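K.L.:
This is what each chain is made of:
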Amino acid sequence: MDTLIENWITRIADAARSGASLTIRGGGSKDFYGGPERGERLEVSEHRGVVAYEPTELVVTARAGTPLVELAATLADKGQWLAFEAPHFGPSATVGGMLASGLSGPRRQAVGALRDFVLGVKMLSGSGEVLSFGGQVMKNVAGYDVPRLLAGSLGTFGVVLEASFKVLPLPVAEKSLRFALDEAAALARLNEWGGRPLPISASAWHDGTLTLRLSGAAAAVEAAQRNLAGEPLADADAAAFWHSVREQTHAFFAGDAPLWRLSLPSVAPLQALGPTLVEWGGAQRWLRAGDARAIRVAAAKAGGHATLFRADDALKTSAGVFQPLAAPLARIHRQLKSAFDPQGVFNRGRMYPDF
Amino acid sequence: MSMETTVAERRFTLDRQALIARLRAVLPAPALLAEEEEMRPYDCDGLTAYRQLPLLVVLPEDEAQVQAILRVCHELQAPVVARGAATGLSGGATPHRDGVLVSLAKLKKIISVDPLARTAVVQPGVRNLSVSEAAAPYGLYYAPDPSSQIACTIGGNVAENAGGVHCLKYGLTVHNVLRVRGLTIKGEIVEFGNAALDAPGYDLLALINGSEGLLAVITEVTVKLTPKPELAQVVIASFADVRLAGDAVASIIAAGIIPAGLEMMDKKAIHAVEPYVRAGYDMDAEAILLCESDGTPEEVAEEIARMTAVLEASGAAGIRVSQNEAERLRFWAGRKAAFPAVGRLTPDYLCMDGTIPRKRLAEMLEAINALSEKYALRCANVFHAGDGNLHPLIMYDANQPGQFERAAAFGAEILERSVRFGGTITGEHGVGIEKIDIMAEQFTLAEIGAFHRLKAAFDENGLLNPGKGVPTLARCREYTQARAGGAATSPRS
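Quick mapping for you: the protein sequence lines, in order, are chains G and U. Read in order, the letters of the first sequence correspond to residues 1 to 355 in my numbering. Read in order, the letters of the second sequence correspond to residues 1001 to 1493 in my numbering.
Just so you know, the hints here were simulated from the structure itself, not pulled from any lab data. None of these values were measured; they are calculated from a predicted model. It is possible that some hints are incorrect.
Stated by the list, open to error - Taking lysine-lysine pairs in the BS3-like style, the calculated list, with each CA pair at most 25 Å apart, reads:
1. U/1267 with G/122
2. U/1109 with G/78
3. U/1374 with U/1267
4. U/1268 with G/122
5. U/1455 with U/1186
6. U/1268 with U/1359
7. G/78 with U/1455
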């Protein structure tokens, strides 16, 4: 085995023996996400590189430390990409961090989330075992779906060594349109459009403006553009806009006020809780500031949940990063965690404070 | 038959009369079946080669009754097997001889269809096709379409993570379900997912899909509905050589096309289907491809032209494009009827379900033909070519001594090859009891051990669907040793 991985196994065994905790860290671009860091760092970004990529199989396998920019370039070379448009949050972002955070970008409403594209993983458990689940094929129901379980698990199960993803062809044509609408009207419009076979690949409403992106075959994009009217954006402006939403460099995300992410049914009514940016056809709503308790109650009442996406450690500790779980689910979470990491070595408190 | 011991290797000691008394106390009288003739219809699922009577059959009418049943079973430590329409092909719903079979067939209400949110909330016993029928007035449908969609139920679809002929573009069940409500073996109500696109914590919704009834009993499912495309058209291309057809599949993907469906049938499958369905397939072809495009009329026209060009360049001997919806449905009817059509040609058949990288399709077909000769059994092939998912149908006669064993060995060799080719032993039918031994081909002992610990997080005492899905570690060792020994004495051809 790779000496790098052998060293990690030793460190994991040492930590397990001494009761210490390790924080798994790739490029560090998502250090801000999840509960405050505890324990020593296990730096894993050196384990990098694309292991296998065959465009006609629509699958890529990469080591966890592979920088996302590098992977994107490899795929773009063959006219393909990871269609869920994961946010990078910095040039150092890696495949492992993308999988562990489980975050998806603007295209999520149209193509699905990161977890929908995960086909296989190779990981290092808290007992230092190398385990492989899933594979490199589209359909695979042998054994439990551990690869998808690892998506968004914030490194609490183990160190991801490699991951395989389904890739798709880049869209042939794209066009973004703008509409002047208030929030309630935008939500109504988005849900109405969502029920029609339109090639909408992203949507963002903020401050009286709804921006819509159409993607697909040239003919379909043109037909939808005629159909929906709206004011077309220049291609470069559109690309910059969607990048700023994905990477949270848009003015809405500036400043130190806490950032909340509300994941709600797209039809949930307008939540008058503070300044808002709406994405995913109404299913993802970003909020600046507001009372933590009120936000959590409102999100649950609307049928969804709220995440304290960016905040200082004090607020994260007092409010909790993720919506609390019902008792049976919390128990299942703790037991699942110990199924892969019995000594609780990895990323303690990154998801919930009690594991 | 020796198969019975396979079904229930782990025994449970139960006082049947006490169990009956406890269940009678919580269920209306007709909801409990205890006589052999009443239970006979429940003795197998779609894998009819394996039959087993359970200790009891219960037919709850609502979630509260399911909960009461599970509480009793948990207290008395009785194994529980949940069942929907029992169309599954891997024995996932085969009863346990010491256990209670819970049929969810009476939980068949479509609770709501929300056209604006594009979701439907349904009970587990609702048939797959009825969801699409209920959504049709709103221009919506439920995308996953397994061939058994007229009969199979949503609960079973979730348990098996069912696929279909359109999943390359529209995904499997796991991609089309937002929330699953169910009960743990202790009778606790749990909700995986919610009405939003994601839920806090671990993605237990992903885990419950394809968990084969080993983690929880499903009582309600929220599914995603998809807007019906304005138009769909299918191209049928016939090939004089299976290798050309296999290469054409790769060329379509290489051209940047993701067809709504991409299916392949070999000559034996065509010859089984055509006299039965009259779909209009080319009887002279060695293989045909069905390649579907959907979307706006402009989009479909553009894509059909591109597909046709690729198929021509790939050496297709004949190409036909459906000219109207009736013709499109007729073209698909042949593919969807492939299993029953083969069923007409043979007393029994085994349906395999390996998935391989697409580039190995032609190689695999040639290997299957060689195996067909080796075992002297006919085999027709239908493939979800777009996903590399194979359905070789091995024909045999269970009444002829030794034929079932030969068919099973033939199937096992196909699955071993699937793993060796970088694929999997099951793409969409599940492991169940059928493929439980061959799990050791795909997973190490450490991985199997992790599966057992994962299962224990939901069901500590292993009462839900015991003997399915994941082999015991002892069995894996036996399998590996037997294989090693076998190879030493009789090297494989």
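K.L.:
Indicate, hint by hint, whether the structure satisfies it.
P.N.:
Right, here's what the structure says about each hint:
Under the criterion of a C-alpha separation no larger than 25 Å, the hint pairing residue 1267 of chain U with residue 122 of chain G is inconsistent with the structure, at around 39 Å. For the hint linking residue 1109 of chain U to residue 78 of chain G, the alpha-carbon distance of about 47 Å lies beyond 25 Å, and the restraint is violated. A hinted pair counts as satisfied when its Cα atoms are at most 25 Å apart, and residue 1374 of chain U with residue 1267 of chain U qualifies at roughly 19 Å. Of the pairs offered as hints, the one joining residue 1268 of chain U and residue 122 of chain G is violated, with about 39 Å between alpha carbons and a cut-off of 25 Å exceeded.
Taken as a hint, the residue 1455 of chain U and residue 1186 of chain U pair is honoured in the structure, with Cα atoms around 14 Å apart against an allowance of 25 Å. Distance hint between residue 1268 of chain U and residue 1359 of chain U is fulfilled; the C-alpha atoms sit about 22 Å from each other, no more than 25 Å. Using a Cα cut-off of 25 Å, the hinted pair residue 78 of chain G and residue 1455 of chain U is violated, with the two alpha carbons roughly 40 Å apart.
Hint violations for this structure: numbers 1, 2, 4 and 7, all remaining hints satisfied.
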